[in-house]
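Asker: Sequence:
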Amino acid sequence: MNPSGESRHPAAFPLERSELEQPIGDRLARVVEQFPDHRALECGDVRYTYRELLAEVRRIAAAVAGNTPPGPGCVANLVDHSPEMVFCPLGVVTAGKASLGIHPGLPASAQREIIQDALPELLLTTAEHEPRALEITA
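My numbering puts the first residue of the sequence shown at 1, with every later residue one more than the last.
Do not take every clue at face value.
[To be verified] Derived DEER-like restraints, expressed as beta-carbon distance ranges:
1) Pro131 / Val46: 22 to 28 Å
2) Arg27 / Pro107: 34 to 40 Å
3) Ala65 / Thr137: 18 to 24 Å
4) Gln116 / Pro36: 39 to 45 Å
5) Arg17 / Leu134: 42 to 48 Å
6) Arg30 / Glu128: 32 to 38 Å
If you're looking for bench data, these hints aren't it; they were derived computationally from the structure.
Every residue gets a Cβ at the ideal spot worked out from N, C-alpha and C, and that includes glycine.
Sequences and hints are given; from them, build the entire structure.
Answerer: Quick look at the structure:
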């Protein structure tokens, strides 16, 4: 609980085995149905409800789907410890791709090696890391 008495997390609710085997995006949508206005994510002064989280995840999933070929594949993300660190992998897996996080603090040579080994179809990043993203994918 926080000082106002509000729980930081929604009440737990059971998931059936069949629900655990559903795609993450579907399970997230179920949580949103149950707790749309509960706080899902907090980073400094920025807060997202489950409804807002799902909107960001779907926005990223649509961008991934629109910029990669259909079917399985890998999408990398180069983001800081931020809301995007949650949004990107959830959006990627919602789009049906494998998510590969690349830590922005790694040396460029290590990041480039990861990109060369994994051969992601797309690299998601923020404006802050765009110069590095261009460098390691050149």
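Asker: Now, for every hint given, state plainly whether the structure supports it.
Answerer: Hint check:
no. : hint                       : result
1   : Pro131 / Val46: 22 to 28 Å : holds, 24 Å
2   : Arg27 / Pro107: 34 to 40 Å : holds, 36 Å
3   : Ala65 / Thr137: 18 to 24 Å : holds, 20 Å
4   : Gln116 / Pro36: 39 to 45 Å : holds, 42 Å
5   : Arg17 / Leu134: 42 to 48 Å : holds, 44 Å
6   : Arg30 / Glu128: 32 to 38 Å : holds, 33 Å
This entry satisfies every hint, going by the numbered hints stated previously.
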